[in-house]
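Protein sequences, first through last, are from chains A and B.
Residue numbers for the first sequence follow this note's numbering, so the first one is 1 and each next one is one higher.
Residue numbers for the second sequence follow this note's numbering, so the first one is 1 and each next one is one higher.
Bear in mind the hints are in silico, worked out from the structure with no lab data behind them.
Check each hint, because a few of them may be wrong.
Below, a list of computed lysine to any residue pairs in the SDA-like style, where the Cα atoms sit at most 25 Å apart [what the hints assert, rightly or not]:
no. : chain 1 : residue 1 : chain 2 : residue 2
1   : B       : K72       : A       : L196
2   : A       : K107      : A       : L118
3   : A       : K107      : A       : T63
4   : B       : K72       : A       : G293
5   : B       : K72       : A       : A198
6   : B       : K72       : B       : F114
7   : A       : K107      : A       : Q65
8   : B       : K72       : A       : E204
9   : B       : K106      : A       : L214
10  : B       : K106      : A       : G189
11  : A       : K247      : A       : F177
12  : B       : K106      : A       : N201
13  : A       : K131      : A       : D154
14  : B       : K106      : A       : E204
All values reported here derive from a predicted model rather than from experimental measurement.
Each chain, written out:
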Amino acid sequence: MSVVSRLSSMKARHLLPEQDQREIALHYVIGVLCVLACLAALIVMASDRAARGWAREIRAEVTVQVRPTGLESGSVAAARAAEVLAGVKGVGQVTALEPQKAKDLIKPWLGDAILDDLPIPNLVSVRLDDKTPATTKALTDALISHDIDASIDDHSVWMKDVEQSALTIRLISIGIFFIIFSATAAVVGFATRAGLTARANIVEVLSLCGATDLFIAQRFQYRFARMAFESGLLGAAIAAGVMAIIKATGSSQSFALALPFSWLDLLILLPCPFLVALIAAVTARIVTLRLLGGKG
Amino acid sequence: MAQINEKNRLANTVTGFLPGDDAVVAFDNVSLGYDAASEADFILKSLSFQLPAGSFHFLTGPSGAGKTSLLKMIYLAQAPTSGRISLFGEAVDNGDRAQVARLRSKLGIVFQEFRLLEHLNVFDNAALPLFVHGQNFRQYRDDVTELLNWVGLKNQLQAMPHVLSGGEKQRLAIARAVVTRPTLILADEPTGNIDYAMGLRIMRLFVELNRLGATVLIATHDESLVRASGMPVLELKDGQISRRDLNTTVGGRL
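This is chain A alone, in the form it adopts within the complex:
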């Protein structure tokens, strides 16, 4: 390489001086925002998975309360109902809850004293087929056809609550995600203004050399996009680390139940640095063109 070919280091990025103190702070702020945005994205994924899981579990379970008729005992009626329900298409596993087991379940709340005087319901737990679950009507029809007096609880009341809660969590997480990205855009816009003011002399020289507003805007666009990408990459890495720690340490079982992270969720972090860079580039371009009075 000749001496002459080493003369110039001028590339698009070098038309603006290397970063100053303000930009280090901006790096930090964008990085933090990106961590929060990435965590919000991970929570969206996990809450969605949790909601689907809860809904699937609730849909797959049906509880049947059997009322014995005539001289038939409760446990016999429950056993007969279980046998009938097991024959319905779309039913997986059927278990008649033994009276003693039902008492054991109630005992912690009511104690031993009055337990014997209480009418313990005769319950049958029905696990539906995952792919082609039996409908409540099919189960009811089957029981009626065998003269079994029973009521079926398909948990639809709980289902609505669970779905509503899951939807709320998802919407809140998505909202937070977008609020954080809009905050990133605002921060970049503010920084672009500051950068443009701080480098007014450079902008003026470029302009007097015949540079178009678009040319100048592209310098700022490139600068802020690169900075945002680097910060975004760091932010995504930190968010991935946080998720990995939560998942690897197991955390508490209730936490894993509420937010069941999957390693595949990490894939959603991949576009985050690009997205934040895109936001920064577009914001820097718009702000620069507007400040220079261009029509963009």
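Following the hints, complete the assembly by docking chain B onto the known chain A.
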């Protein structure tokens, strides 16, 4: 007021130029006032003149006469308070940013305060207009190196501006202004920070570029340099412009 304007217009219409379509710069009844309440307080009053293509003029006048303001209006950094300016036969609209950029790309400007970019080295500062116009390093490296050699900066190609003396900065600013071989060269005190010998050398560069077809307008206090050149002079005084021809042959001693 209309009568006063007309009177001023006639008084400030510089005669002796070659009016016509080949005017690179044309001022038509142009006035400029910074926060001035009345026309009497304007810094430049109803100026009408033209700079024909290929002409060479000095712009002189006492401090505060408005030389820099006049140059600013020509390089479109300052809009006139009233009147019309045309560059290269095109009426100027300072609000049209695309037009401003296009017209400026035909200009080479030397600023009194240099306006070098401190984070770029000498070579990159000189090559800046070429880079801005989309040329790549391979296209311009020989021309820029040769030009910097010519202005005496061949040993400082990679130096940063802050290590240069005032004279070296001036020469670099001049190199940057002429590197694109502009159609119109505007210089504000281009020899203010350099010695007489280097001043003459720089003037020879301007004359040479003028011979190659560039129109040149140089604002200066340096009467000796003006006399040495023998080029026509536009003199600004009391907001008005007048032409002064020197009794020397064209090109003078340069």
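Consistency of the hints with the structure:
1. B:K72 x A:L196: Between K72 of chain B and L196 of chain A the Cα gap is close to 22 Å, so the pair holds against 25 Å.
2. A:K107 x A:L118: holds (11 Å)
3. A:K107 x A:T63: holds (20 Å)
4. B:K72 x A:G293: holds (19 Å)
5. B:K72 x A:A198: holds (22 Å)
6. B:K72 x B:F114: The given pair, whose Cα atoms are some 14 Å apart, holds under the 25 Å limit.
7. A:K107 x A:Q65: holds (19 Å)
8. B:K72 x A:E204: OK: K72 of chain B and E204 of chain A at ~13 Å, within 25 Å.
9. B:K106 x A:L214: At roughly 18 Å apart (the allowed maximum being 25 Å), L214 of chain A and K106 of chain B satisfy the hint.
10. B:K106 x A:G189: violated (33 Å)
11. A:K247 x A:F177: holds (21 Å)
12. B:K106 x A:N201: The given pair, whose Cα atoms are some 21 Å apart, holds under the 25 Å limit.
13. A:K131 x A:D154: holds (17 Å)
14. B:K106 x A:E204: Within the cut-off at roughly 16 Å; holds.
The earlier numbered hint that this structure contradicts is number 10, and it is the only one.
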